[in-house]
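**Student:** So the sequences go chain by chain: A and B.
Under the working numbering, the letters of the first sequence match residues 1 to 309, in that order.
Under the working numbering, the letters of the second sequence match residues 310 to 618, in that order.
Keep in mind that the hints were calculated from the coordinates and are not lab data.
Keep in mind it's a predicted model, so treat the numbers as computed, not measured.
Think of the CB as a built atom: it goes at the ideal place given N, C-alpha and C, for glycine as much as any other residue.
Honestly, I wouldn't trust all of these hints.
Stated by the list, open to error - Listed below are the simulated EDC-like cross-link pairs for lysine to aspartate or glutamate, each with C-alpha atoms no more than 20 Å apart in a straight line:
no., chain 1, residue 1, chain 2, residue 2
1, B, K347, A, D32
2, A, K289, A, D200
3, A, K289, A, D32
4, B, K347, A, E148
5, A, K74, B, E378
6, A, K147, B, E345
7, B, K337, A, D263
8, A, K179, A, D200
As the list claims (entries may be wrong) - The calculated label-pair distances, taken between Cβ atoms and stated as ranges, are:
no., chain 1, residue 1, chain 2, residue 2, range
9, A, S156, B, Y550, 29 to 39 Å
10, A, P167, B, S469, 43 to 53 Å
11, A, P211, B, R371, 23 to 33 Å
12, B, Y615, A, K90, 28 to 38 Å
13, A, K178, B, E457, 50 to 60 Å
14, B, I552, A, K169, 54 to 64 Å
15, A, K90, B, G467, 18 to 28 Å
16, A, E267, B, S418, 26 to 36 Å
17, A, K240, B, V453, 42 to 52 Å
18, B, D503, A, V144, 32 to 42 Å
19, B, T397, A, Q253, 45 to 55 Å
20, B, Y550, A, R251, 16 to 26 Å
21, B, E496, A, R251, 32 to 42 Å
2 protein chains.
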Amino acid sequence: MQQTLIYSSPQNEFTDLSILQIQTEALKAIHDYLYEQKLIQLMPVMLSPITDPLNHETSDARINYFGQELQLTKSMIFHKQLAIASCTTKGIYIMSPNVRLEKPLKRDSGRHLIEFSQVDIELREVKALKFMELLEGLIISIIVRVKEKCTKELKSLGVSLRIPKRPFKIFSSEELKKKYGEDFEKETSLKEIDPFWITDYQREFYDKEDPKRPGHYLNYDLIYPEGFGEALSGGERDFKYEILLRKIKERYQNPDVFKFYLDKAKEGKLVASAGGGLGIERLVRFLTKIPHIRDVSPFSKVPGEYYQI
Amino acid sequence: MQQTLIYSSPQNEFTDLSILQIQTEALKAIHDYLYEQKLIQLMPVMLSPITDPLNHETSDARINYFGQELQLTKSMIFHKQLAIASCTTKGIYIMSPNVRLEKPLKRDSGRHLIEFSQVDIELREVKALKFMELLEGLIISIIVRVKEKCTKELKSLGVSLRIPKRPFKIFSSEELKKKYGEDFEKETSLKEIDPFWITDYQREFYDKEDPKRPGHYLNYDLIYPEGFGEALSGGERDFKYEILLRKIKERYQNPDVFKFYLDKAKEGKLVASAGGGLGIERLVRFLTKIPHIRDVSPFSKVPGEYYQI
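With the hints as constraints, model all of the structure from the sequences given.
**Tutor:** Right, dumping it as C-alpha cells:
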C-alpha cells in the first residue's frame, strides 16, 4: 500500500509579477550568454529507458507505452554525454525539465520541488576549471542583467543584489567537512556572502574519479550564499568502459540497465567532457530572496502535498 | 494485455550539426522576439491532476505520487488560462515539453513524436487577429534570422527559404472542406508556397465558440506550405462558466475532472485570451526540409517504436 499524502497544497496559480519579471530577465540572460558562448541548444528529453540514478533517494516515475517502460527524466546526464560525443562542437545546453519524486519529508526544505527545470550544460573535451569559468560568467551576467533591468521589481521585493567577483572561492568537501561536520554545505552557505564552489563529492558513477587520487572526484557544486544552498551540480565525466563498469558495480547498480550507454563507451564513442545543471527555480529564489521555493512559480509542486492544478 | 511494439527504432544519438545549428538560431529568434514583445516567460509544468483532453486520440500518460494520480502534460492550456488571468500583463509564454502517447500507426506520418516541445503563448484580453499578427511576426523573424545566420548550413542541406509576406492568407475550414474534402489541410499545404491560416475548427471545449454563429469557432491553425502541415494550433478561449460547462457536456467529457478550473470560471476569475502553441521540432523540420521528423533531433521518439535511449 502506498503512503498517502499528508498535506493539502496551499498552492495556487498566482505568483507576484515582480518575481516573474525577474525570472524572464534571468532566462533571457541565460540564453543570450550561452548563445554568445556558441553553445548548441538541444531540446529536452522527458522519457527514456534510462535516466540519472542520482545520489539521493527519490521514487521512480515510470510510464508504460505499448509494453515498453519509460522513465521520466531526473537529469539528462546520459543523453548529454552521448550528444556531446557525436556533436563535434564546443558545447551543448538544454532547458531541461526534471521530475524527481522526492519523499514528503522534503516539503519543508524550502528548496525542493517534484518537478523543476535546469539549464543543463556540457562542454566537450574540457577540464572542470573551464566549465567553472563559463558558469561564473553566466551567474555574473544574470545578476548584472537583473540588477539593470529589474530595479523596480527588486525594490518592491526589498532585495539588493551583490555582483560577485571572479574567480569564485573554491573549497573542497574534505576541508569543509573537517571544519563543520556533515552539514558543511549548509553551514558554509550561511557564512558566505557570494556564490562559491565546493569540489570533490563522492557520488554518481559518471562523475570523474581523480586518476591520481582514487576515492576523490573531479566534480563540483556551485553554492549560493546566505543559506540559499545548492545552485548547480556537475563534474568532469568518466567515459572509458572499464572505469564506468567498475564504478557502477562499486555502487551496487545493475550494468544491464545502462547497456546502450555502456556499449557506446565500449566502442570508444564517448569523449571527455565537463558540465552541470543550474536549477532555474532555485536561481529565481536566490535572485528574489523568497524564503520558500513554493512562491517562486505558479503551479509549483512541493513534495508531499496534494496538488489542485 | 498490452499491444507490443512492432518496430525496433532506427533512432540513434546523432543529428546533423547543420540542423542543430539552425535549431539553435530558431530558438534564439523565438526568445528574442517574445522578449521584445514584452511577454513574461513561465516555466513548464510536466505533471498535473489535469491536462488537455485534446481532439485526437492518444493514450494517457499517468504516474502515481504517494497515492495521487498525476498526468503528463499534453498541453498547458488550462495552466495558461489560469496564469494569464492572474498575471496582469500583455502575455505569457512557456517552452513547454508535451507528452502525447500517439498510436503506433502515426509512425509513418513523418511529423509525429510521442514527446515534443512547443512554444506555448497566451495573450491577455485580445482577439484572434492580434495573436495571429504576433505569430506572423514571429515566423518571419525566425526565417529572416536563419537565412542570415545559417547560410552555410542551409546550403549544405540544399535548402532555400522564402520570407513570407504579411498578412498570411486566411482560409476557413468550411471553404477548404468544400473544395478538397476531408484531407483539406494536407491538400492546401501541398498547394501553398508560404505559411497560411485555417480558421474555424470544431474541436476542444476551451476554444471559443462564435457567439454570432453557434457551431463555428474563433480558432485557427497555422499551416506550413509544401506539405509540411500543421505549425501551430490555437484560438480565442471561452472563459465563462456556463459556456464551458455546456461545451464539456456536449463533448461527453466529465466536468468533475476540471473542477479546479471550472470553479475559477464560476468565481469569474478567468479572462478572455487568445493563444496557441508552435511545435519546435516541426518548425525545425520545415526550416531544414527534412522528410521525417525523426531526423530533426537526437533521441527523437517516433510513435510505435522501441527506444534504445
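**Student:** Each of the hints needs a verdict: does it hold here or not?
**Tutor:** Status of the hints after comparison with the structure:
For the suggested pair K347 (chain B) and D32 (chain A), the alpha carbons sit about 16 Å apart, so the restraint of at most 20 Å is met. Taking the CA atoms of K289 (chain A) and D200 (chain A), the gap is near 28 Å; set against the 20 Å cutoff, the hint is violated. Under the criterion of a C-alpha separation no larger than 20 Å, the hint pairing K289 (chain A) with D32 (chain A) is inconsistent with the structure, at around 24 Å. A C-alpha spacing of about 16 Å is found between K347 (chain B) and E148 (chain A), which places the hinted pair at or below 20 Å, so the restraint holds.
Of the supplied pair hints, the one linking K74 (chain A) and E378 (chain B) holds, its CA atoms being roughly 19 Å apart against a limit of 20 Å. Simply put, K147 (chain A) and E345 (chain B) have alpha-carbon atoms about 19 Å apart, close enough for the 20 Å limit, and the pair holds. At most 20 Å may separate the alpha-carbon atoms for a hinted pair to count; K337 (chain B) and D263 (chain A) exceed this at roughly 35 Å. Between K179 (chain A) and D200 (chain A), the direct Cα distance comes to roughly 16 Å. Compliance with the 20 Å bound is thereby established for this hinted pair.
Here the CB-CB span from S156 (chain A) to Y550 (chain B) is close to 33 Å, well matched to the stated 29 to 39 Å. Between P167 (chain A) and S469 (chain B) the Cβ separation comes to about 47 Å, which falls inside the hinted range of 43 to 53 Å. For the hinted restraint 23 to 33 Å between P211 (chain A) and R371 (chain B), the CB-CB distance of approximately 45 Å leaves it violated. At roughly 33 Å, the beta-carbon separation of Y615 (chain B) and K90 (chain A) lies within the given 28 to 38 Å, and the hint holds.
Our hint of 50 to 60 Å for K178 (chain A) and E457 (chain B) holds, since their Cβ atoms are close to 56 Å apart. The supplied range of 54 to 64 Å is met by I552 (chain B) and K169 (chain A), whose beta-carbon atoms lie about 59 Å from each other. Checked against the hint of 18 to 28 Å, the C-beta distance between K90 (chain A) and G467 (chain B) comes to roughly 26 Å, which is consistent with it. Hint check: E267 (chain A) to S418 (chain B), Cβ distance near 33 Å, so the stated range 26 to 36 Å holds.
Range check, K240 (chain A) to V453 (chain B): about 45 Å between beta-carbon atoms, so the 42 to 52 Å window is met. Between D503 (chain B) and V144 (chain A) the C-beta distance comes to about 41 Å, which sits within the given range of 32 to 42 Å. At roughly 50 Å, the beta-carbon separation of T397 (chain B) and Q253 (chain A) lies within the given 45 to 55 Å, and the hint holds. At roughly 54 Å, the beta carbons of Y550 (chain B) and R251 (chain A) sit outside the given window of 16 to 26 Å.
E496 (chain B) and R251 (chain A) have their C-beta atoms about 57 Å apart, which leaves the hinted 32 to 42 Å range violated.
Figure legend: structure checked against the earlier numbered hints; hints not met, in rising order: 2, 3, 7, 11, 20 and 21.
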